[in-house]
Amino acid sequence: MNDTVLLTAIIFAPTLGAFGLWVFDKKSVEEMKTFAFGVTALTFVLTLFLWNAYDPTDGGIQPVLEDGQRGIAYPWISNWNINYRLGYDGISVPLILLTSLISMLAMLASWNIDKMVRGYLSLFLLLETGMLGVFLALDFFLFYVFWEVMLLPMYFLIGVWGGPRKEYAAMKFFLYTLFGSVLILIAILMFYFGSSKLPEGSTFNMMTLMAIGQGKVDGISWNEYIPNMQIIAFILLFIGFAIKIPTFPFHTWLPDAHVEAPTPISMILAGVLLKMGGYGIIRIAFPICPEGALQAAYTLVAIGAISIIYGAFAAMAQTDFKRLVAYSSVSHMGYVLIGIAVWKIHDVAGTNYWQMGMNGAMFQMLAHGISSAGMFFMVGVLYDRVHHRDLNQFGGLSRLMPLYTGLSIGIFFAALGLPGLCGFIGEVFVVLSAWNFHPVLAIIAAAGVILTAGYILWTIQRVFLGPEYKGPHAESLSPITTREAAIAVVLVFFAVLLGVYPNVMFYLMDESIENLVDSLESAVSSAGLGVLEN
Amino acid sequence: MGEIGLKPYLLVGAVLFVTGIVCMASKRNGIGVLMGVELVLNGANVNFVAFSRYTALGLDGQIISLFVIVLAAAEAAVALAIALNFYNNHLTIDVDRGNELRG
Amino acid sequence: MESIGHELGIWLAVAWLLPLLGFFIEIFGGYWGTRLSKTAAHMAVVCIATGFVCSSIAFVRWGAVTDWAALELHAPVSATHFYEEPNAAKHSGHGSSEAATAIKKSFSGQYYQLALFGDLEIAIDYYIDSLTLVMFMMVTLVATCIHIFALGYMSDELTDDHIDHEVHLANGSHMHRPGRYYRFFSYMSLFCFSMLGLVLAGNIFMVFVFWELVGICSYLLIGFYTERHSASTAANKAFIVNRVGDFGFIIGLMIIWTWCGTFQFYEYDSVSQSRPGLFQMVRTADGQLDREGDVVYLQDGQGHRLVNAHNQQPIGIEYMLLVAAGIGIFAGCVGKSAQFPLQTWLPDAMEGPTPVSALVHSATMVAAGVYLAGRFFPIFTPEVLLTIAYVGCITLFVAATIAIVATDIKRVLAYSTISQLGYMMLAIGVAGWVAGLFHLITHAFFKSLMFLCSGSVIIGCHHEQEMTRMGGLWRKMPVTAFTMLVGVIAISGLAIPGVIAFSGYHSKDAIMATSLAFFGLNSSHFLLYFVPLITAGITAFYMFRLWFYTFLGEPRDQELHEHVHEQSWVMTGPLVVLAVFAAFCAVGGEHGYLFRLLADSEPAGIAAGTIGVSGIALPTHKQVGAVHMTAGAYALVVACLGTLMAYAFYGIKILNPEDVKRQFAGVYRFLVQKWQFDKLYDVMFVKPAHIIAGWCVAIDRGIIDAFLHRTVKTGVDVSNWDRRFDEVVIDGLVNSIGNVTFAFGRSLRVLQTGLLRQYVMFIAIGVVGLFLLLFVFFPK
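Protein chains in written order, with this note's numbering: chain A, 1 to 534; chain B, 1 to 103; chain C, 1 to 780.
Hints are computed from structural coordinates only; laboratory data are not their basis. One should not assume that every hint holds.
[Claimed, not checked] Only some residues are given here: those of chain B computed to face chain C with a beta carbon under 7 Å:
hint, residue
1, MET24
2, VAL95
3, ASN99
4, LEU101
Bear in mind the structure is a predicted one, so any value in this text is a computation, not a measurement. Virtual Cβ for every residue (Gly too), placed ideally from N, Cα, C.
Using the sequences and the accompanying hints, generate a full structural model.
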C-alpha cells in the first residue's frame, strides 16, 4: 500500500468514522457502538500493516522515498513553511500499535455507556485520531495541532461522562495540560525562529531541527540564537511533557482525572496518553536539545526516582481503588523517566547502559500501557456491578467471580513486576542500567520493588481474598461477561507475551534507539561537553 | 428732481422688514404671521432691487427678487395648507396653541 | 563434549518445562474437569515424576562422560583422605583449568536470548555441573513424594461443598466453598517449574527471575486458603519480606552488571569464548582475587587480565563494591532462606497446607538461598563470608531457642528449618562449601519427611496442630511414628560411630568440623564454633521433645485420640521412601557418593584455603580433616545430652517443664513472643511506611493541590479585580462623559418652547446680536 495513503488512513480513519456515526438514527445505539468498534478494529488492522511496512534493520525514519527523503511531506501552509509531514520509526511504531490496540479494547469496554452515545463515540474516535497523529507527525506544527486535538475530546469525555466531581477533574486536567502545551508552544516558536538562517527559511521540520540541535547544520546553533537556549528550550519541553507523564510534582491531575473518568477513558488515559510524555521526551526534547538534556540528566533521574517512591507510598495510603491504580501509574512511569535519562558520558560501555535504559524505558511504557489499562478496566468491571470503589468494602471476590479474580491477579502481578509478565522486563532493565549513572538514585529506584509489592498484595488481599464480600450490592456481583472477559484475556495475553518474549518489541525498537543514542552521544562529545562530564 | 439715492430705499426696506418681524413676533393669528413673513420678504426685495440699481450687482438683484416673489407665492401656498391643517387639528389658528415641538 | 552438554541441557529442560506445561493444563481444571476429578493431580504427579526420570537420565549421561576414577582420586577410602588432597586443580572442574581432568564435567549454554544491548546480553542460560544434577534429582524426588502424599492429604478438597472450619462468617456459620483440589496441584506444578529453573539457571539474572517466581508460588501456596485472613496475611508477609531481600539482590545485580557487564556464571560456549563468565572474571584459575590495593582486576578466563578494548587498560572493580555486591546477593539469600533478620515470615508461612510446608518451606525453596550462596561463592570476599557466617550463627541460635517453646507441631518444624538453614549458611561462611550443600541435601530429605509425618499426624488428628492435645499416638500411627523417629534422629545428629549413622550426622559433622577448623585459625571468632555446638544440643532437645510430646506418653485429649487412625499407603508410602533417603542418602559420609559428587563442583581455591585474605584465614581441607574426629565427637556428645534432657523432661518426666517455665517466666515469654521481632518490625517498618504514605497523600492534598487551588483562586481573584476595574473606572469614565453631555442637553431643553413667535424673536435677536458681535470684534 502506498505510504501516504496508509499513514493518512491510520490517522483519519477514526475521524471519518466519527462523521459516519451521524448517518445513524439517534436511537440505534447498539449499531453505532458496533460501527465505532469496527472503525477502531480497522485502525488496528491498518497499524498492523504499518508494523509490516516498518523495516527494523534500518532504524531511521521511514518510509524512505525514492529520492532518499525520509518521511512523507506535502505542503500545508506554505507561507510559513508548514508541511503535512509524517513518518515512523522504531520508537513510534510500538507505541502506535499500543494506541490502536488499547483504543480498540477501550471501545469494547464502552458498551456500558448509555448517555449521549453518539457524542461519546464521536469524541472517542476524534481522540484516537489525535493520539495516532501525535505519534506519526514529524512536522512540529502538525504535532502541536494533534497534541491539542487530543486535549479537547478528553476534556469533554471526562467532563460530560465522568463521575460525581467530573467538572473539577476535567478542569484540572485541562488547565494542567494546557499549561504544558503552552510551554511546548513557546519552545516550538523558539526553534522556528531560531532556524531562520536555513536556506529554505524557518522550519517546523523535526528532523531538520534535530540536526541543528545536534550541531550537524553549519552556521546554526541554538545557543547562538539565544544564549543557553539548549537548556531553556529543554526545560520548557520537559515540563510540558512531564505533566503528561506525569512525574512528581506535576502529577496531581492524574488521580482526579482517573477517578472521575469513565472506565474506557481511564484505560486510554493510562494506557496511551501518559505515553505521550515519554514519547515527547525521547522523540523531541532529547534529540533537539541534546546539550540541555545532558545537563538536566541528573535532575531527570532524580525526579524519576522520587516519582517511583512517592507514587508507591501515595498508592499505599489510598482507599479508593481507582486512585490507588492512578498513583501506581505515577510510580511506574518514574521508571520511564529514569531509563530515558541515564545518560552519562563515561566510556564506551556507558553508551550500552544508556541504550539499555532507553530500551527499558520504551518497554516499560508498553508494559505499563497493557497493565495499567488492564487494572483500570478491572476496577471498572467491579464498579459497574457494585457502584463503589472503597477498598475496605470488598473481599471474597475470588469465590464469587473466579475468572475475574484470576485475570485481575494476572494483571496486578504484571504491574507488580513479576518475571514472566510484562512489567518485570522494563522495570529491571531500567534499574540495572541506572547504577552506572548514579548508585544512590539506582538504589532508591530499586527500593520501589518493596513498596510496589506491598501495596499491590495488600490490595489483592482486601479485594479478592477473604471469606465474604463486605460492601453494598452484594447481589449484583455476577460473574464476568464474555465481552469483559475477552478484553481482559487479550490484555493478559499481551502481558504474558511481552513478559516471556520481549524481543517481539525489542527487535522493533533496538536499532532506532541505538541510532538515537549514538547520534546524541556524538553530538555532545563533538560539542565538547563530553569531556567536561568525564 | 434728481436721484432719490440708495438710502431712502434701504430705509423703506428696513421699515418693511422690521414691521414684518414685529408682525411675526406679535401676531398670534397664523395668517397674521404669514403676512409678517410677506412683509419681511418684500423688505428684502426692496433692498435687492435698490442694490441692483445702485451698485455693481446689476440685474442679479432683480432676478433674485423675482425668485423671492415666486418662492413667497409657493411658501404662502404651503403655509396656508399648514394653517388649514392646523385649524383642523386645533380648531383655531392661534400659533401659541401649537406647542407640540416643545423640548 | 559440546554435544553432551547440549544433551544434558535438553534432558534437564524437559524435566524443567514439563511442570510448566502441567500448570497450564491444570489451572483450567475447573473448566475441563469437575471438582471431584483427580486427573489434574495425577497429571502433576506424572509431570514431576517424569522430571525425576529425566534428571536421572541426565545424571547417568553425565556419569558416562565423567572420569569417575578422577572423582575417586580425591575421595578415597579413609574418612580423612578427602581432606589430604588440597590440590586445587583437582577440584576446579571449571573451564580454564586444563589440569583438572581431561574430561569436562560442567557445561553451560544458552536456551534463548532475551535482549542484547551492544555487548550486554541477557539470556536464558543453563549451567550444569554435579551440584545442578544433585539438586535436580533431590528436588524432583522430594517433590514427587510430596505430590503423592498430597494426593491423600488434600483429598478433603475433592468436593463441591468444602467446609472451612477456621473461617467464621459474619452470621456465625462456617465458610462453605467448592473444593480446590486441582488448583493446589497446579500451583505445585508451577512451583516445581520455578524451582527447577532456579537450579538450572546459568546466569544470575535468570536466577533472579526464578527467584521471584518461586516467591510468587510460595505466596499462592501459603495463601491457598484464601478465605482465612491469617493465611493471606502470612502470604503477603512472606512475599514482602522476600522482596526486602530482593531489594539487596537487585543492588548486587546492578553492581555486577555495571562493573562486569555479564550475568553468566561460567562461559564455556566456544562461540563467545572471548567473553568470560562472571566467576572467571572475578577469580583466577586457582580461585584467587587479583587484588591490588583497593582494586580487584578482572580476568579474561585465559589467565590474563581483562582489558578494555578501547584503551587497552586492565578493567578493575573496587574491592568495596565487590563486597557490596556480595552482601547484596546474600541479602536475597537471607530473605529466601529466612535468615536473621528476615526470618519472621517462615513460621507464619505454615498457614499453607502441610505438603507445601514440606516442599516449599523446608526442602526446596528456602534452601534456594543456601544454594545461591553456594553457587555464588566465588564472588564472595572474606568479609562477605564472615557476614554470612555470623548471620547463619545468629539465626541458628535464635530459631532453635524459639523452637523449644513452640507447641504447634508445624511451627516447631519451621523453626528447626530456620535453624538448620542457619547451619548451612554458617558452613558456607566458614568456607565449608561442600559441608553446607551436603547438609542442604540431607536436610531436604529428613525435613520433608518430618513435615509429611506432621501432616499425617495433623490429618489423623483432624487438623489439630497443637502438640499439647496429642500424645501416645505411636500405637495408632506406627508408620508415621517410626518414620518420624528416623527424621528426628537424623536431624539431631545421633549415631553410633562406625556402626550406623543417619544422613544428618554426617552433614552436621562436616559443618562442625569446618567451623572448628575455622575457630582454630581465627580464635577471635570463637562464637562461630560454640554457638552451633550448643545449638546442636538444643536441636536434639526440641526435636525429641516434639517426638515424645506427640507419640509417647498418655493421650492428653482422649476424645481426639479415639478418632486417630493411620493413613492409607498414598500417604505412608512417601514417608517410607523419604525415611530411607533420610537415613541412607549420605551413607559413607565424606567418602560417600553424595559428598564426593558435591565436592566435584566445589569452587577452586577452597581446598587449599587460598581464598582467604583480609586478616581472616579460611581452613584448608587438610585442616578441616585434622579436626574432623574431634568435632564429630563433641557434637555427638552435645546431641546426646540434648536427647537425654528431652527424655528427662518429656519421656520419663522426672523433670517438669512447667517448673522451668515458671522459673524463667521472663525468658519464656520472650521466646514465645519470638524474640519480639514481629512487634519490632511492625514498629520500625510497617507503621512508618503507612505514616509516610499518609504524608505523601497529605503533600498531594495539602501542598501541591493546595498550591494549585490557591493559584486558581488567585487567578479568579485577579479576574474579579479586573472586572471591578472595568466596571468602576473605565465604564465609569465613559458613563460620566455621557451623563455630562446628557445633562447639558437637558438644560438646553428649556429653550425649545415650541412657541413660533418666540423662535422668531430668537432669530431676530440672534441676527442683531451676531451683527453687533461682528461690529465689536471685527470693526472693519
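Evaluation of the provided hints:
A hinted interface residue such as B/MET24 counts as satisfied when its beta carbon comes closer than 7 Å to some beta carbon of chain C; here the least separation is about 5 Å, so the hint holds. Hint on B/VAL95 holds. Least Cβ distance to chain C is approximately 4 Å, under the 7 Å limit. For B/ASN99, the interface hint holds, since its Cβ comes within 7 Å of a Cβ in chain C; the closest pair sits about 3 Å apart. Here the hint on B/LEU101 is kept, as its CB sits about 4 Å from the closest CB of chain C, short of 7 Å.
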